[in-house]
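First residue of the sequence shown: 1, per this note's numbering; consecutive thereafter.
By construction, these hints were calculated from the structure, which means they are not laboratory data.
Keep in mind that a hint or two might mislead.
Stated by the list, open to error - Here are the computed lysine-lysine pairs in the DSSO-like style, where the Cα-Cα straight-line distance is at most 30 Å:
no. : residue 1 : residue 2
1   : 4         : 130
2   : 164       : 189
3   : 4         : 46
4   : 46        : 175
5   : 130       : 175
6   : 225       : 193
7   : 216       : 193
Said to hold, decoys possible - Using C-beta positions, here's what the derived DEER-type ranges look like:
no. : residue 1 : residue 2 : range
8   : 200       : 227       : 27 to 33 Å
9   : 44        : 262       : 47 to 53 Å
10  : 277       : 124       : 45 to 51 Å
Cβ atoms here follow ideal geometry from the backbone N, Cα and C, with glycine treated the same way.
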Amino acid sequence: MSDKAYDVVVYGASGFTGRLVAEYLQHQYGDDDSVRWAMAGRNAEKLAAVRDEMGISDAVQIIVADGSDESSLQAMAAQTKAIITTVGPYQLYGEALVAVCAKTGTDYLDLCGEPAWMRDMIDAYESTAKASGARIVFSSGFDSIPSDLGVWRLQQECIKQTGKPSARIRGRVRKMQGTFSGGTAASLKATLKAAASDPEVERRMKDPHSLVPGHKGAPQPPDYKPYLDEALGSWVTPFVMAAINTRNVLRTNALLGFAYGEDFQYDEMTLTGPGEKGQQIAMAMIERSKEMASDKGPKPGEGPSKEERENGFYDFIFVAETDQGPIKLGVTGDRDPGYGSTSKMLAEAALCLVKDRPEQPGGIWTPASALGQPLIDRLVANAGLTFGLE
């Protein structure tokens, strides 16, 4: 693929998240001649306006491509090693680009948090991607990089310290400030609508192993209601991104030959504190989380101000049970999860795939199974994340 004009094309660069990805690439790699990238979308004038607004160099080229025009997607794919797409909900707008990338051997990365659609894409295109050499990596943003890489890194430590992986890891949100993207909210609404009309979608939403075709797997811990987590001495409440993050972690395990064990268990919750106060907070957060699927949530194309993005953050702790006692890993990000940090993670994942992982074979991968330690190194060096044992 050395004859390609670009390493990465940002498709959907005139949208809210897409423009942040483009801004990050300009800021971080604008003076790096070894990183070649372009902006793409349906409207050249809008793309040019975003390029000017975000202070992006005129040398960054614009590509016109439309998801309803396969020939334009093929023309875009022909010019680049990898395509980043922020055009969602993916179950409504994503399949055509997945199909083109799988057929042409073009790497593909997105921000998808729609497990039923992802399973459809695995069933439809994984064999094609394996044959062409296309590396397709869904969920390369806040869902699900911190969780997927956090569990992967913690398991490496468990093996190092105890000689074997942990059979049970808890993922817990300790603190978070910021908003989820309008695209994430739109994806959730589209998924709920699909589940209401299609029993198979509903079944897959209830199956924690839905991204691992043919594998039933161990029963997973309950994550649908608040409870007192005695192992951590705190009340916990459901985390809105758990439905996608847990499935990606379980798929990583399968793609790595069940390196975590075939009976591995993983769940994600939000810590709300001990005692009656912790219980009250846990119950209140259940009600607030419902807003994401309501008309009160953010709309696609909307998002927080630059100041709000820069003041945001998140802090996870992952706790592994082992024969020698718990082993803990913290993962933090220095921007709001849905926009500021996500845009940096997505850009770095694409560059990691192209620059650091040329030997990775074609297929439909998760961030941890495809990128592992090289992506952790990039995120720590460039994107404001930390991965630290505690």
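Point to revise | List of violated hint numbers, smallest to largest | key: Hints 2, 4 and 5 contradicted; others consistent.
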